[in-house]
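Residue numbers (my numbering), protein chains in the order written: chain X, 1 to 496; chain G, 497 to 560.
Calculated from the structure, these hints are not laboratory results.
The beta carbon of each residue, even a glycine, is placed where N, CA and C say it ideally should be.
A hint or two may mislead.
Said to hold, decoys possible - Sample of chain G residues facing chain X (criterion: CB under 8 Å; computed from the structure):
| # | residue |
| --- | --- |
| 1 | V502 |
| 2 | A508 |
| 3 | V511 |
| 4 | Q552 |
| 5 | F559 |
What the hints assert, rightly or not - Here are some of the chain G residues that sit facing chain X, going by a computed Cβ distance under 7 Å:
| # | residue |
| --- | --- |
| 6 | L500 |
| 7 | T509 |
| 8 | V510 |
| 9 | A526 |
| 10 | V528 |
| 11 | A532 |
| 12 | D540 |
| 13 | L541 |
| 14 | A545 |
| 15 | I551 |
| 16 | Y556 |
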Amino acid sequence: MTGTSGTLHKKSRSLLLHPLDLTIIVAYMITIVVVGLVLSRKVHDAHDFFLAGRSLTWWIIGLSIIGTNVSAEGYVGAAGGAYKNGIAQANFEWIGAIPAMILASLVFIPLYWRSGVYSIPEYLGLRYNQTVRVTAALIASVFSVFTIGVALWAIALTLETYLNWPIWAGILVTGTVVGLYSTAGGLRAVAFTDALQVVIMFAGGVFIGWLGISKAGGLDAFATALTTDHPDHLSAYLASDHGEFPWPGVLLGLGIVLSPAYWCGGQAILQRTLGARSQWDASASMIFAAFAKTFVPLLIVFPGLLALVMMADIEYPDMALPWVIKNVLPPGLSGLMFIAIIAALQSSIDSGINSTSLMVTRDIRRVIFKNANPDSDLKVGRWTTVVVLLGGMLFAPFIGELGGIYFLVQTLLSLFQGPMLALLVLGAFSRHPTANAGLITLLSGVAVAACLMWYGLNMLYVAFGTFCYSVVLLWCASYFTARSDQDLSKLVFRYG
Amino acid sequence: MADLPVWWANVATVVLFVLLAALVMLIPKATVIGDAPDRRWFRDLRWWALLLIAIQLCIYAIFT
Numbered sequence: 001m002t003g004t005s006g007t008l009h010k011k012s013r014s015l016l017l018h019p020l021d022l023t024i025i026v027a028y029m030i031t032i033v034v035v036g037l038v039l040s041r042k043v044h045d046a047h048d049f050f051l052a053g054r055s056l057t058w059w060i061i062g063l064s065i066i067g068t069n070v071s072a073e074g075y076v077g078a079a080g081g082a083y084k085n086g087i088a089q090a091n092f093e094w095i096g097a098i099p100a101m102i103l104a105s106l107v108f109i110p111l112y113w114r115s116g117v118y119s120i121p122e123y124l125g126l127r128y129n130q131t132v133r134v135t136a137a138l139i140a141s142v143f144s145v146f147t148i149g150v151a152l153w154a155i156a157l158t159l160e161t162y163l164n165w166p167i168w169a170g171i172l173v174t175g176t177v178v179g180l181y182s183t184a185g186g187l188r189a190v191a192f193t194d195a196l197q198v199v200i201m202f203a204g205g206v207f208i209g210w211l212g213i214s215k216a217g218g219l220d221a222f223a224t225a226l227t228t229d230h231p232d233h234l235s236a237y238l239a240s241d242h243g244e245f246p247w248p249g250v251l252l253g254l255g256i257v258l259s260p261a262y263w264c265g266g267q268a269i270l271q272r273t274l275g276a277r278s279q280w281d282a283s284a285s286m287i288f289a290a291f292a293k294t295f296v297p298l299l300i301v302f303p304g305l306l307a308l309v310m311m312a313d314i315e316y317p318d319m320a321l322p323w324v325i326k327n328v329l330p331p332g333l334s335g336l337m338f339i340a341i342i343a344a345l346q347s348s349i350d351s352g353i354n355s356t357s358l359m360v361t362r363d364i365r366r367v368i369f370k371n372a373n374p375d376s377d378l379k380v381g382r383w384t385t386v387v388v389l390l391g392g393m394l395f396a397p398f399i400g401e402l403g404g405i406y407f408l409v410q411t412l413l414s415l416f417q418g419p420m421l422a423l424l425v426l427g428a429f430s431r432h433p434t435a436n437a438g439l440i441t442l443l444s445g446v447a448v449a450a451c452l453m454w455y456g457l458n459m460l461y462v463a464f465g466t467f468c469y470s471v472v473l474l475w476c477a478s479y480f481t482a483r484s485d486q487d488l489s490k491l492v493f494r495y496g
Numbered sequence: 497m498a499d500l501p502v503w504w505a506n507v508a509t510v511v512l513f514v515l516l517a518a519l520v521m522l523i524p525k526a527t528v529i530g531d532a533p534d535r536r537w538f539r540d541l542r543w544w545a546l547l548l549i550a551i552q553l554c555i556y557a558i559f560t
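Next comes chain G alone, as it looks inside the complex:
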């Protein structure tokens, strides 16, 4: 693995995060909200997970 270009790493990272985002959205809302005290939008942790993934994509786009 000595000659692999570094930019491959950034591409692989983007692919990894996109796959993770797809996996997150496959998880049923009911499983994520669970026993939360109400059903308001911010209790759906999948949206917060997607925001985290978006931040990571920005970070790895900046530091290439």
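So here's chain X without its partners, still in its complex pose:
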């Protein structure tokens, strides 16, 4: 999970780039497309397209996981959040990620791998029934299109801010570039371009840190200014009555529900681990990503603290990162940092369209249309990729008018992540939950979450409350619903 505090504001329109920066940006765009097209030669069937022919190594997958995870709000919003709230913003990268990543690596990924599935809804289909599979895939696909639209809009806004491009042009160019390499190369192209994008992100972050600390008078001066002038910004947790991130909500909602639901059940994240060349590579990739994730705050939180120490003259917290780029980095490196932001967004979009295409092609189409020809999966998958991307592109221009749509999407996500996690955890650790109890829990859990949200409860508490409700209901309802004779030996985790 990453922060959620918004995006670039239009007031940074004056941040136009140097010609050297523009050259670097164009070179990057061309490189990404060429890499994707070259890798497309290895795509011969749906197995290659969706799972890269199960050939990916742990470090490529690990970098790709981080690329998928760090998105618009992660890069721009987290710097703004750190400027406003301090180091507590990094909870999204630490308590809100690391425990769940460890669980995903050592428990859930081996389970998914052993069951031989392409997707998490497919696992739920095997563990419960096909109705649960289609319901989970439908929910995840609809929200994925929303988030793709949000990411496209964020890129368009960034391009408008730095290059003065109209919003429609930013959406069109980004959609074309991402669409070209994702549609042609599938998961392999997505993973390799993600890895390249993460390297650029880390390089940009290192330069910002190095040059920023120099401009702030050195590490000692930076640390002294932070501890003396802003000691409240150095606390990992905020007060329990904090409006956005009260610490009980962060621990219970984010740490125990939203983060595990995202890292142990998120298709966009886990799909690349299912494309690993071995189970060990799949598990190791998540541990490697967790190490990288530990240091992600240096990239996305540090610029906010730097702007604070350097007493940036900004009107909105989300202006912290653009201010740092403009005032700290020289020409050339500004372009690199600009690419890092674009790369963070692109890697989220390409992973979203690839995973949604998989769920629509296999988890929805194959179940609803039982006579669907499996040999046509590659063709259908490619067309679905295009349709999903076009859906996101059509939705993107309206996001600015709708205001806090990203917050809305995050809030709506918290509606079903509690019940979904309950199904995954109990289903993975116990043979007791039944298929019908699973379906009842999934549907009623979403309804309960909607009611709690209607009463104005913080979304973190909604997630935790519905998770508890779903665990109890799933366990109890399983006593009264029919049990199948299905062999669960590969679908349930064993300690021995």
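Based on the hints, put chain G in the right spot on chain X.
Coordinates of chain G only, in the frame set by chain X:
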């Protein structure tokens, strides 16, 4: 939950990570190593998970 002291959060975090470390060590080595090409010590991902947990404990001890 309006009056809960912030230091409780740090204590709860330490407890959470210690419990996670215990859970990690309960997972059999064979499950973790799986189909790795050899059985050398660094293939046992449980040790890397424990190192991650130790780093997190340090971070939350510093930023109290």
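Verification of the supplied hints:
For the restraint placing V502(G) at the interface with chain X, the shortest Cβ-Cβ distance is roughly 5 Å, inside the 8 Å limit, so the hint holds. Annotation: interface hint on A508(G) holds; nearest CB of chain X at approximately 6 Å, less than 8 Å. A least Cβ separation of about 10 Å between V511(G) and chain X goes past the 8 Å threshold, and the interface hint is therefore violated. With a cut of 8 Å, the hint placing Q552(G) at the interface with chain X holds, because the nearest CB-to-CB distance is about 6 Å.
For F559(G), the interface hint holds, since its Cβ comes within 8 Å of a Cβ in chain X; the closest pair sits about 4 Å apart. For L500(G), the interface hint holds, the least distance from its beta-carbon to any beta-carbon of chain X being 4 Å, beneath 7 Å. With a cut of 7 Å, the hint placing T509(G) at the interface with chain X holds, because the nearest CB-to-CB distance is about 6 Å. For the restraint placing V510(G) at the interface with chain X, the shortest Cβ-Cβ distance is roughly 11 Å, beyond the 7 Å limit, so the hint is violated.
A least Cβ separation of about 10 Å between A526(G) and chain X goes past the 7 Å threshold, and the interface hint is therefore violated. The closest approach between the C-beta of V528(G) and any C-beta of chain X is roughly 6 Å, which is under the 7 Å cut-off, so the hint is satisfied. A cut of 7 Å between beta carbons decides the hint on A532(G): the least distance to chain X is about 4 Å, and the hint holds. The criterion of a C-beta within 7 Å of any C-beta in chain X is not met by D540(G), whose closest approach is roughly 10 Å, and the hint is violated.
With 7 Å as the threshold, the beta carbon of L541(G) comes within range of chain X, its nearest partner Cβ sitting at about 5 Å, so the hint holds. The criterion of a C-beta within 7 Å of any C-beta in chain X is met by A545(G), whose closest approach is roughly 5 Å, and the hint holds. For I551(G), the interface hint holds, since its Cβ comes within 7 Å of a Cβ in chain X; the closest pair sits about 6 Å apart. The closest approach between the C-beta of Y556(G) and any C-beta of chain X is roughly 6 Å, which is under the 7 Å cut-off, so the hint is satisfied.
Hints 3, 8, 9, 12 from the earlier list are contradicted by this structure; the remaining hints agree with it.
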